[in-house]
Structure formats: structure tokens, C-alpha cells
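Note that the protein sequences, when read in sequence, are chains S and Y. Just so it is clear: in the first sequence, position 12 is 12 by the working numbering, and no numbers are missing. Just so it is clear: in the second sequence, position 119 is 119 by the working numbering, and no numbers are missing.
Because the hints were derived from the structure by calculation, they are not lab data. Each hint should be verified, as a subset may be incorrect.
Just so you know, same-sequence chains aren't split out, so a pair can sit in one copy or run between any two.
Here are the computed lysine-lysine pairs in the DSS-like style, where the Cα-Cα straight-line distance is at most 30 angstroms [stated by the list, open to error]:
no. : residue 1 : residue 2
1   : K142      : K344
2   : K286      : K362
3   : K354      : K292
4   : K286      : K354
5   : K266      : K354
6   : K117      : K292
7   : K175      : K292
8   : K277      : K362
9   : K277      : K351
10  : K351      : K286
11  : K385      : K344
12  : K263      : K286
13  : K76       : K343
14  : K248      : K362
15  : K39       : K343
Protein chains: 2
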Amino acid sequence: MSSLQNVLDRIDHDLEPATDRLFDLLRIESISTDPAYRKHCADAAAWLVRDLKSIGFSAKSVKTPGHPMVVAKHHKAKGAPTVLFYGHYDVQPVDPLSLWDNPPFEPKIIKGKGGAKQIIGRGTADDKGQLMTFVEACRAWKTETGNLPLNVTILFEGEEESGSPSLIPFLKDYKNELKADVALVCDTGMWDEKTPSITTALRGLVGEEVTIHAADRDLHSGMYGSAARNPIHVLVEILAGLRDTNGKITLPGFYDGVPALPKSIKKQWSELKFSEKSFLGEIGLKIPAGEKGRSVLEMIWSRPTCEINGIYGGYTGEGFKTVIPAEASAKVSFRLVGQQNPKKVVSAFRKYVKESLPADCKASFTPEGASGAIQLDYRMPELQKAAGALKSEWGRPAVLAAMGGSIPVVGHFQSILKMQSLLVGFGLDDDRIHSPNEKYNLTSFHKGARSWARIMEALA
Amino acid sequence: MSSLQNVLDRIDHDLEPATDRLFDLLRIESISTDPAYRKHCADAAAWLVRDLKSIGFSAKSVKTPGHPMVVAKHHKAKGAPTVLFYGHYDVQPVDPLSLWDNPPFEPKIIKGKGGAKQIIGRGTADDKGQLMTFVEACRAWKTETGNLPLNVTILFEGEEESGSPSLIPFLKDYKNELKADVALVCDTGMWDEKTPSITTALRGLVGEEVTIHAADRDLHSGMYGSAARNPIHVLVEILAGLRDTNGKITLPGFYDGVPALPKSIKKQWSELKFSEKSFLGEIGLKIPAGEKGRSVLEMIWSRPTCEINGIYGGYTGEGFKTVIPAEASAKVSFRLVGQQNPKKVVSAFRKYVKESLPADCKASFTPEGASGAIQLDYRMPELQKAAGALKSEWGRPAVLAAMGGSIPVVGHFQSILKMQSLLVGFGLDDDRIHSPNEKYNLTSFHKGARSWARIMEALA
Chain S
1 MSSLQNVLDR IDHDLEPATD RLFDLLRIES ISTDPAYRKH CADAAAWLVR
51 DLKSIGFSAK SVKTPGHPMV VAKHHKAKGA PTVLFYGHYD VQPVDPLSLW
101 DNPPFEPKII KGKGGAKQII GRGTADDKGQ LMTFVEACRA WKTETGNLPL
151 NVTILFEGEE ESGSPSLIPF LKDYKNELKA DVALVCDTGM WDEKTPSITT
201 ALRGLVGEEV TIHAADRDLH SGMYGSAARN PIHVLVEILA GLRDTNGKIT
251 LPGFYDGVPA LPKSIKKQWS ELKFSEKSFL GEIGLKIPAG EKGRSVLEMI
301 WSRPTCEING IYGGYTGEGF KTVIPAEASA KVSFRLVGQQ NPKKVVSAFR
351 KYVKESLPAD CKASFTPEGA SGAIQLDYRM PELQKAAGAL KSEWGRPAVL
401 AAMGGSIPVV GHFQSILKMQ SLLVGFGLDD DRIHSPNEKY NLTSFHKGAR
451 SWARIMEALA
Chain Y
1 MSSLQNVLDR IDHDLEPATD RLFDLLRIES ISTDPAYRKH CADAAAWLVR
51 DLKSIGFSAK SVKTPGHPMV VAKHHKAKGA PTVLFYGHYD VQPVDPLSLW
101 DNPPFEPKII KGKGGAKQII GRGTADDKGQ LMTFVEACRA WKTETGNLPL
151 NVTILFEGEE ESGSPSLIPF LKDYKNELKA DVALVCDTGM WDEKTPSITT
201 ALRGLVGEEV TIHAADRDLH SGMYGSAARN PIHVLVEILA GLRDTNGKIT
251 LPGFYDGVPA LPKSIKKQWS ELKFSEKSFL GEIGLKIPAG EKGRSVLEMI
301 WSRPTCEING IYGGYTGEGF KTVIPAEASA KVSFRLVGQQ NPKKVVSAFR
351 KYVKESLPAD CKASFTPEGA SGAIQLDYRM PELQKAAGAL KSEWGRPAVL
401 AAMGGSIPVV GHFQSILKMQ SLLVGFGLDD DRIHSPNEKY NLTSFHKGAR
451 SWARIMEALA
């Protein structure tokens, strides 16, 4: 235990240089979904390779058809287990830029709500700040003991925010190199700012961009209004029809494979002191949306969803233009649970859209990922060890929680690498990930690194 | 008649320099709806003032809170009637720029369908090419006879494409200066490329931009999906509800004041050899949209409409972002006929939107104009004279047609200046006004000027 204490002290002592390193990484505009930032993504990968080498990892940036993967190894703990740590260095786009109080790629520390120090900027919580908690834990172990307590392989992806097109072929090609006893994934959140959490269930995600095509050109609504089909009208009718008046999703077969919530889980969740009023009040809302008759926690943790994440068509600039556009588009996503089949959901969605079209209109689709839901094994020994380490750090037991978001890599680790994942993260509900003014509490960064230092020892 | 023949010959002879002048005007990027083009609008007004002065008009650019009005006078035809000619020098925005085959503000002449020469560029047909037909007719009269056959006042507006916010106060202030026996408005089209037309009925226009506000920030759909209201969902449901399954507009009271189509008009229209198949086929469509049981001609000439001209919300860039946005917006317009009251339509629309909102969402509205429909007097003597002049030029009688579009200035001339308007224009259905690759046939420009030269004499 004395070496662990030294490691923890080292993390405390080096918080400032650690924050500086994180800032360096945050300044790189690694937006993976936009081809204009291709070089920035490669720069972020190269930065990580350099940093991992400085700790003593053998590290490389591996080309893919998209953005590079960072693969690093430090296997010098004889007889100890091997872990594969996963994070992603790419970030979400930053629009609308006007809503940022501070430029998104100029990170700084501000005093937030209740005086808590917050690191603000794109990628602070999702996922650069999180992945660096593990890197800093490794650095401190190395500095204090000259080694790591575990054999560590690291995989940093650069396409997590853009549907991970290269991930599956990459995992297949590097199967042997990446094989480990367990995967550690740091892309999730805490229960609240004082209570750690291990995520044990994840929803799947289907993303589809749909475009409705009507006339072969934009038309003047004074000349063609009513007579010519307006693709925005067609689109809004189709999208409105995706949910019925009770908030249920109408696609035939959509709920196939959705498990009923066991009473025991329902009971556990009802004891969590989760307040719908404050969960919604925090974001300026009062009335739960979605399926009638289900609690907010049930909806965000256990139910499938259908959301329209973007819509555009016609004239969207300042002022007015009486145009009937040639086409209109929407980005639609579905979160999946249980045994819902992502391919069947894609088919049902496309079939519904096509069947709703007037005979002289067309629809085209761009797939943006399709992954099923994941249920992790509650009985994994690593989970119990990590829970103990987290309790030591935070002074409270870790909540074993379901999660609304989707981390498809966990499914691929299961199916391709035959490996379970341990999902531990230090994000908070108010981190505004994917939104303007994203932040990561300095405490999350600091105690996150300390938590990993403890988990590494617990797993050793 | 000999001086008219000289004037017509002059127009033929000077077609090339006339086209060069039009090109100069077309190169000025006078997009009125976008504040970034404010200076360009002023430049277009100044260009027109210079050109009119060169013909012998007293001309000035009059400041307004928006873009300037061009007012010019040539009152030297003793005993002859006075006409007020109206056109607008502002143009529509040009997006999406990628769909233009040629830069929108670099006009040139190309060979179009069937070998007809076309002037291509933004504003060629709407309305710079049209207004210059009248200016060129005046120039030819002046060159050949040293005078104009009528007393001519000219009003060129710079805000027609952005809801004409300064027009009503301006007409009130300049009432005496603008008073004339009849207004000549050149912003409409021909029946087809060989058949001239005088427009005798115009629909009104209500434009509203609506924004639905839900949460106070953008949210991550994995964390808040279903639980938090998605304003895009709210918006598409509201917009989808604007029309029923028969294409009827559902706003209560919307059809109040819509006249039944008289049998005589219905008969006249049915004799027009209008082909729905080719009207829709021309733009790549087959099935009439809008109200079931009504003909396409009835819909575009005599029925009110509701169109969504633009929609936007959430992530609209390349790739995908699983965001639930804080707000979503649409631009909606209604074309009005008969006695429909534009203010009542605005109220009914806003009431419907507000009543459709969940209690924790808000809607905000930006008005983009509200004008009623216009029916002109078939018995005006000027209409008969103009029809005769057009027949002489084109060799066929002019069709007296209703028009789907809206030219609110005609209503203001009626109500404020107590003056009827004669609507003669030379645009064609395939001019792609408001769209990429807008064009104006060289024949429209050339014979348009000749037509005005004849109409001026007919009215003298």
C-alpha cells in the first residue's frame, strides 16, 4: 500500500503539469465527423503517441481509411493480468459557435456552480479529459515505482463521434495484439459529483440521415404552391408519424426484443433518490416527454428512443424566401435496448419512409451507424475489485448503473475480442457534452486519475 | 405610327448595348434580405439613378430605414396621361451556390432549350431584366423623338424580396409625388413564350418564421433522449398538422373569405389547353399535391396555400451528432385569395402553434409580411389598350390571367395612391426565379422593350 500512497501523492503533486498536458491535447481541433479537420485528428493521435512514449510505452499511430488509431503497450508486470484501456481522442463539432462563452479549443479553468473548478472546452469531458485520467495514473505509477502494476495495452480511437467506421475491421486485424483479460473503458459518468459509478448496461444506436426528393429543382411557391409537392411537408409528416400520441414509436416490430424491466431493478432504481423535477428543471423543462406511464429514469436507462437530431431544407438564412425546395433532410437516431436488432430497425425505418412517400417523390438514406445494446456481467470479478477501489477513493459505494448513451466499442470487444469491459468514468450530468460550453470538473480529472491508480492496483 | 416604328427599330438596333447595360446592373449583388449586402443594394439604386439621368429623367435615390427607393420623373408630354412605372432592383439570395452552373452575379448569354438565347444570372427575370425593358423603351423613345409620349414617373424598390418593410410609409410620404393615372408593374410573366399576358388577379402573402424553444441548452440524446422534449419533434408535429389528409389547411377560419370559382371562369380556364401533366412533368413530378378534387390551375390561380419554405434545427453539418437541440425553426407562408384577412391568418397560425405546445415549451414568431389578395378591374380602359399593343407586338391576343404569386405593391397602390395597376411582364414559367440558374430569355428582354414602346403609345 505504500507504493499506492506514493502514486496518489504524485498525482496530487503533479496536478498542474497534468492539466497543462490535457490543455495541449484539448487545443487540437480533432472533430472527426468533418473532413476539414482530418489533419487535426492526425495531430491529436501523434500527440498521444509522443506522450505515451514519454511514459515508457511502445506506441504507434496506425493508419485506417479514416482517422488513425493509437495503439500503445507497456507489458512489464510479470504474472499480472493484461488490461486494454479504451478512450477516444476525437470530439464533436462545435456549432453553434455563437453559444460558446469561450472559444471551444482554447481550454481554461473557470469557477463554476458552487465554486467548483471546471475545465471548459470541447472534448474536456468527452473524451480527452477522461482518457487522460488513465494516462496520468500510468505516469504516476511509472514515476514512483518504475513500472505499472498491470500489463497495459492502450487503444485510442479517432472516430467515436462519427460512427466508428474503421473500428470493426481494425479490431479484427489487430485481434491478437489487443487481446487482454478485461477492457477498461473511460467514456461514462459518475452518479453525481460525490458518488462514483460503474456502468453495467448500454443502449445501442442506429443513426440514419434521410433526404426526401420532390421536384428536380427549387420552385417559386407563388407559381407552384399546393400544386407541386413540398418535400419539407412530406418530411415533417413522416417524422411526425414516428411516434404516436402516447409517445410510443410506431415502426412495426420496433419493440421486439425490448425486455420488461424486472421488479427488482425497478425497486432498486426507485430507491435512488432520483428527482424527475430536478433532472428536468436543471435544463429548463418540467414535463417528461416520451412514453406515457413510464418514469424518466426508466426511459433514459431502459427504454428505446427515437430522436430527430437535425433537420434542414429550403431557405434557412436571414429573412424570407418563398421557395419550395427540391429536397429536405433529417438526421434521425434510435437508441436500442435488450435484444432489439439494429439491422431490423434500419429496415423498418426505411420501409416506413418509403411507404409514406407520394409516388413521385424519392427518399435516400445515409447510414450513420447501427449497433445493438449491451448488458455487462454483474458477476465479473473485475467489477467487484473496481467497485472497492472506487469506494476507497470517493468514500461511498459505486452505483452500478444502466446508461442511456451508447458505446458501441463495448459490443465489439465482446463479439470480436471475446472480452468483457469495465466502464468507469468521471463525467457529470451537467458536463454539456456535445453542446456549447462543454466542461469537465477539475475534481473529475484529479480524482479520476487517483481512481484509476487504485483500480490498477486492485486488478493487479 | 412612323415615330413608333422608328422607336421599335431603335430598340432592335441597340439590343447589344441594352444588354450590356442590363449586365452592369445584374453584376451588382443587391440581395435585400441579407444585411451583408446593404451596400450592394445602395449601389444598384445609384446605378439606376445615373442611368435614368442619362435618358433625361430627373432621378434620385431616396433613403429609407431599409434600402433606398429610386424615384425618377420625365413629365414633358403636355396633355398626355401620367403613368407610374414600378419594378424592384433587389434580388433573392443565391444559396445553394453549388447548384449554379455559372456564378449568379456574372451574367452571360447561353443557348437554352430549343436554341433560344437566355440571359442567365440572379435577377435576370426577377426583376432587373424586366424593369430594364421599360427603361430601354423610354430610352428609344427619347433617342428617336426627343421626348416620351407619356408623363412617366418611375419607382424602383429595393426591398421587394424581403417583405417591403419601408414601402407603406414611403408611399404615404410621397403620395402626391407618385400620383398618376395608372401604375404599370413589370414583375409578372407571359402565358407561354409566344403568348403575352396581362395579370388581373394576385394572391396575398403571409410569411411567418416560427421557433420552438424547449430545454435551455442543447442536450445529449443518450442522456436525455425521450425524457426531455425535442423541439424538432414538436415542430414537425405542428407543421404536419397544418394540412389534413385531403390537403386542406386546418387553421380554424382559414377559408373565410375564399370565393367559390365562378362557372364562367372555370370554363374559360378549362379552355386554356393547360396540361397538368406537362406543368408537373417539366419539374420532374407527376402527382398534384394540395387539395384533393381541385385542378392544378385552380390551385395555383384561385386557391389559398400553405407552404413550409424553410426548416432547420439541431445538427445539420456533415456526419452525425446525437444532439437534442434547444430550439428548432421553420419559415411558413400562406398565399391568400379573395377576402381572406391576412391579420386573421397570422392570428390563427400563432394560436394553433401555441395551443399545440407542451406546457414547458415556448414559441416565438418573426413576421415576414402580411398582405391580402388583389382583384383588378377587367374593364379598365388601360387594360384594353395594353392588350391591343401586346397583340400587335406578339401577333396573338394577350391572355388575361390570374397569378399565383403575390405583388403586394399593387394593393398598396390601390389603397394608398387610389390607383389601379396594369400588370404586364415577360417572364416565363421556366425562368427559375428564386432558384439557382435563374434566366430571362433574350426574346423576353428584346420584345419586352418593344411591347412597352407600343403600350406607351397606346396609352398616350
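Status of the hints after comparison with the structure:
1. K142 with K344: neither (48 angstroms within a copy, 75 angstroms between copies)
2. K286 with K362: between (39 angstroms within a copy, 12 angstroms between copies)
3. K354 with K292: Answer is both: 28 angstroms inside a copy and 22 angstroms across each meet the 30 angstroms cutoff.
4. K286 with K354: For K286 and K354, only the inter-copy Cα distance (17 angstroms) is at most 30 angstroms; the intra-copy one is 36 angstroms.
5. K266 with K354: Neither: 38 angstroms inside a copy, 36 angstroms across copies.
6. K117 with K292: Neither. Shortest intra-copy (39 angstroms) and inter-copy (62 angstroms) distances fail the 30 angstroms Cα cut-off.
7. K175 with K292: neither (44 angstroms within a copy, 61 angstroms between copies)
8. K277 with K362: between (43 angstroms within a copy, 19 angstroms between copies)
9. K277 with K351: Between copies, since 28 angstroms is at most 30 angstroms while 38 angstroms is not.
10. K351 with K286: Classified as between: cross-chain Cα gap 22 angstroms, same-chain 35 angstroms, threshold 30 angstroms.
11. K385 with K344: Neither. Shortest intra-copy (38 angstroms) and inter-copy (69 angstroms) distances fail the 30 angstroms Cα cut-off.
12. K263 with K286: Intra 27 angstroms, inter 55 angstroms, cutoff 30 angstroms: intra-copy only.
13. K76 with K343: Result: close neither inside a copy nor across copies, 42 angstroms intra and 79 angstroms inter.
14. K248 with K362: Cα proximity of K248 and K362: in one copy and across copies (26 angstroms, 23 angstroms).
15. K39 with K343: Neither: 33 angstroms inside a copy, 54 angstroms across copies.
Checked against the numbered hints given earlier, this structure breaks hints 1, 5, 6, 7, 11, 13 and 15; the rest are met.
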